[in-house]
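Protein chains in written order, with the working numbering: chain A, 229 to 361; chain B, 61 to 227.
Simulated from the structure, these hints should not be mistaken for lab results.
Mixed in with the good hints, there may be bad ones.
[Claimed, not checked] To be clear about the criterion: a stretch of chain A counts as covered by chain B if any three or more of its residues have a C-beta under 8 Å from a C-beta of chain B, and this derived list gives those stretches:
| # | segment |
| --- | --- |
| 1 | 245-258 |
| 2 | 335-349 |
[Claimed, not checked] The calculated SDA-like cross-link candidates involving lysine to any residue, where the alpha carbons are at most 20 Å apart (straight line), are:
| # | chain 1 | residue 1 | chain 2 | residue 2 |
| --- | --- | --- | --- | --- |
| 3 | A | Lys292 | B | Ser120 |
| 4 | B | Lys85 | A | Val293 |
| 5 | A | Lys267 | A | Glu299 |
| 6 | B | Lys226 | B | Val204 |
| 7 | B | Lys203 | B | Phe70 |
| 8 | A | Lys350 | A | Asn264 |
| 9 | A | Lys292 | B | Thr118 |
| 10 | A | Lys267 | A | Asp300 |
| 11 | B | Lys203 | B | Ala72 |
| 12 | B | Lys165 | A | Val293 |
| 13 | A | Lys295 | B | Asn162 |
| 14 | A | Lys292 | A | Lys333 |
| 15 | A | Lys292 | B | Ile88 |
| 16 | A | Lys239 | A | Glu332 |
| 17 | B | Lys137 | B | His201 |
| 18 | A | Lys292 | B | Lys226 |
| 19 | B | Lys166 | B | Lys226 |
| 20 | A | Lys295 | B | Lys137 |
| 21 | A | Lys292 | B | Lys137 |
| 22 | B | Lys178 | B | Glu102 |
| 23 | B | Lys85 | A | Pro259 |
| 24 | B | Lys187 | A | Glu299 |
| 25 | B | Lys166 | B | Asn134 |
| 26 | A | Lys295 | B | Thr118 |
| 27 | A | Lys295 | A | Ile262 |
| 28 | A | Lys295 | B | Val204 |
| 29 | A | Lys292 | B | Ser122 |
| 30 | A | Lys295 | B | Ser90 |
| 31 | B | Lys187 | A | Trp285 |
| 32 | B | Lys85 | A | Pro251 |
| 33 | B | Lys178 | A | Lys295 |
| 34 | A | Lys333 | A | Trp235 |
| 35 | A | Lys269 | A | Asp359 |
| 36 | A | Lys292 | B | Lys165 |
| 37 | A | Lys292 | B | Gly163 |
| 38 | A | Lys292 | B | Ser90 |
| 39 | A | Lys295 | A | Ser305 |
| 40 | A | Lys267 | A | Asp355 |
Every residue gets a Cβ at the ideal spot worked out from N, C-alpha and C, and that includes glycine.
Take a look at the letters that make up each chain.
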Amino acid sequence: MDASQQWKGKKVVLVSVPGAFTPGCQANHLPPYIQNIEKLKDKGVDIVAVIAFNDSWVMSAWGKVNKVSGEDLLFMSDTKTFFSKNYGWSGLGERNGRWAMVIEKDGTVSYAEVEQSPREVKVSGADAVLDQL
Amino acid sequence: MTSLKVGDSFPAGVEFTYIPYTEEKDSITSCGSPQQFHASEEFADKKVVLFAVPGAFTPSCSVRHLPGYMEHWNEIKGKGVDLVIVIAMNDAWVMSAWGKANGIKKDEILFMSDAGIKFSRSIGWTKGPERTGRYAMVIDHGKVMYAENEPAGDVTVSGAEAVLSKL
Chain A
229 MDASQQWKGK KVVLVSVPGA FTPGCQANHL PPYIQNIEKL KDKGVDIVAV
279 IAFNDSWVMS AWGKVNKVSG EDLLFMSDTK TFFSKNYGWS GLGERNGRWA
329 MVIEKDGTVS YAEVEQSPRE VKVSGADAVL DQL
Chain B
61 MTSLKVGDSF PAGVEFTYIP YTEEKDSITS CGSPQQFHAS EEFADKKVVL
111 FAVPGAFTPS CSVRHLPGYM EHWNEIKGKG VDLVIVIAMN DAWVMSAWGK
161 ANGIKKDEIL FMSDAGIKFS RSIGWTKGPE RTGRYAMVID HGKVMYAENE
211 PAGDVTVSGA EAVLSKL
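Okay, chain A solo, but in the shape it has when bound (with noise of 0.2 Å):
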């Protein structure tokens, strides 16, 4: 999926996590963002992403087992980490940082904020990107 192409004119929250079925990103990133999925369209969120280094099948599968279906919180794989990488913000080795980022309808990027321990869900949190919107 080109991100690029198919989010020109959309406001997105892109969340990018260590890795799906992990604890911390399952205990305390993924939930807030699923039960604050109305608040962030009520802020003019149009797509809420969530993209790990795990490949697509295991991440369709997470989002499935933390039953969200449909369209409002898309479940991507950052293959090879290209987007946590040319970015600078990878975590340990393979896998993402912890990270989140609002991009406006024209492209441009109005939060972008990485966990300085990625133990921690703060800047990257739901609330913390709320708070910004």
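Position chain B against the provided structure of chain A, taking the given hints into account.
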């Protein structure tokens, strides 16, 4: 890299990572902590069926390969097998979740990670640069009794029925 054949000893120093079953981490949204599994040591005094799949949650592996082992589990155990283990390149968390997603909670079939496809690479049975091949082995007290890698896309020599016929 040396291939593994019937009659060979299972190599020393082989390790996988996995998350052992615990009651508290029973649910699929409850993630445990990966641990090392010292395969070579563990296999020394047991009869083991080890099979590898290119990827957790992928179509063939989930629909055609794993279910066969689940269906034939009783018969496999009936032939004196102590451990049935499935490995893939996915990390231990993903393997643990795949097990739970298939309703396997305890230790009927152990789901482990061939981290870095180290073991699969050492025997030359990989698929592309990152994935394990699709293969199955029977190791009896450290000796390889059966070892076959799928030549094509189907599940034949690496499936539960093929393995059963060799036990």
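Here is how each hint holds up against the structure:
Evaluation of the coverage hint for the segment 245-258 of chain A: fulfilled, as 7 residues show C-beta separations to chain B shorter than 8 Å, against a requirement of three. Coverage of the segment 335-349 of chain A by chain B is violated [criterion: at least 3 residues with CB-CB distance below 8 Å; count 0]. At roughly 18 Å between alpha-carbon atoms, Lys292(A) and Ser120(B) fall within 20 Å of each other, so this suggested pair holds. About 15 Å separates the Cα atoms of Lys85(B) and Val293(A), which keeps this hinted pair within 20 Å; it holds.
With a CA separation close to 15 Å, the supplied pair Lys267(A) and Glu299(A) stays within the 20 Å bound. With a C-alpha separation of about 12 Å, the suggested pair Lys226(B) and Val204(B) falls inside the 20 Å cut-off, and the hint holds. Of the pairs offered as hints, the one joining Lys203(B) and Phe70(B) holds, with about 6 Å between alpha carbons and a cut-off of 20 Å not exceeded. A hinted pair counts as satisfied when its Cα atoms are at most 20 Å apart, and Lys350(A) with Asn264(A) qualifies at roughly 15 Å.
A hinted pair counts as satisfied when its Cα atoms are at most 20 Å apart, and Lys292(A) with Thr118(B) qualifies at roughly 14 Å. Of the supplied pair hints, the one linking Lys267(A) and Asp300(A) holds, its CA atoms being roughly 12 Å apart against a limit of 20 Å. Of the pairs offered as hints, the one joining Lys203(B) and Ala72(B) holds, with about 11 Å between alpha carbons and a cut-off of 20 Å not exceeded. Proximity of Lys165(B) to Val293(A) is assessed by CA-CA distance (about 15 Å); at most 20 Å being required, the pair is judged to hold.
About 16 Å separates the Cα atoms of Lys295(A) and Asn162(B), which keeps this hinted pair within 20 Å; it holds. Taking the CA atoms of Lys292(A) and Lys333(A), the gap is about 28 Å. The hint is violated against a cut of 20 Å. Under the criterion of a C-alpha separation no larger than 20 Å, the hint pairing Lys292(A) with Ile88(B) is consistent with the structure, at around 11 Å. Between Lys239(A) and Glu332(A) the alpha-carbon distance is near 5 Å, which keeps this suggested pair within the 20 Å criterion.
With a CA separation close to 15 Å, the supplied pair Lys137(B) and His201(B) stays within the 20 Å bound. Between Lys292(A) and Lys226(B), the direct Cα distance comes to roughly 37 Å. Violation of the 20 Å bound is thereby established for this hinted pair. A hinted pair counts as satisfied when its Cα atoms are at most 20 Å apart, and Lys166(B) with Lys226(B) does not qualify at roughly 26 Å. At most 20 Å may separate the alpha-carbon atoms for a hinted pair to count; Lys295(A) and Lys137(B) exceed this at roughly 35 Å.
For the hint pairing Lys292(A) with Lys137(B), the CA-to-CA distance comes to about 32 Å; that exceeds 20 Å, so the pair is violated. For the given pair, Lys178(B) sits about 18 Å from Glu102(B) by alpha-carbon distance, which is consistent with the 20 Å threshold. At most 20 Å may separate the alpha-carbon atoms for a hinted pair to count; Lys85(B) and Pro259(A) meet this at roughly 17 Å. A threshold of 20 Å between alpha carbons decides the hint, and for Lys187(B) with Glu299(A) the separation of about 32 Å lies outside it, so the pair is violated.
Between Lys166(B) and Asn134(B), the direct Cα distance comes to roughly 15 Å. Compliance with the 20 Å bound is thereby established for this hinted pair. A hinted pair counts as satisfied when its Cα atoms are at most 20 Å apart, and Lys295(A) with Thr118(B) qualifies at roughly 19 Å. A threshold of 20 Å between alpha carbons decides the hint, and for Lys295(A) with Ile262(A) the separation of about 9 Å falls inside it, so the pair holds. For the proposed pair Lys295(A) and Val204(B), the alpha carbon gap of about 42 Å is over 20 Å, so the pair is violated.
With a C-alpha separation of about 15 Å, the suggested pair Lys292(A) and Ser122(B) falls inside the 20 Å cut-off, and the hint holds. Using a Cα cut-off of 20 Å, the hinted pair Lys295(A) and Ser90(B) holds, with the two alpha carbons roughly 14 Å apart. This hinted pair checks out: Lys187(B) and Trp285(A) have alpha carbons roughly 17 Å apart, not beyond 20 Å. This hinted pair checks out: Lys85(B) and Pro251(A) have alpha carbons roughly 11 Å apart, not beyond 20 Å.
With a C-alpha separation of about 34 Å, the suggested pair Lys178(B) and Lys295(A) falls outside the 20 Å cut-off, and the hint is violated. For the proposed pair Lys333(A) and Trp235(A), the alpha carbon gap of about 8 Å is at most 20 Å, so the pair holds. As the CA atoms of Lys269(A) and Asp359(A) are separated by approximately 13 Å, the hinted pair is consistent with the 20 Å bound. For the given pair, Lys292(A) sits about 19 Å from Lys165(B) by alpha-carbon distance, which is consistent with the 20 Å threshold.
Of the pairs offered as hints, the one joining Lys292(A) and Gly163(B) holds, with about 15 Å between alpha carbons and a cut-off of 20 Å not exceeded. A hinted pair counts as satisfied when its Cα atoms are at most 20 Å apart, and Lys292(A) with Ser90(B) qualifies at roughly 15 Å. A hinted pair counts as satisfied when its Cα atoms are at most 20 Å apart, and Lys295(A) with Ser305(A) qualifies at roughly 18 Å. A threshold of 20 Å between alpha carbons decides the hint, and for Lys267(A) with Asp355(A) the separation of about 10 Å falls inside it, so the pair holds.
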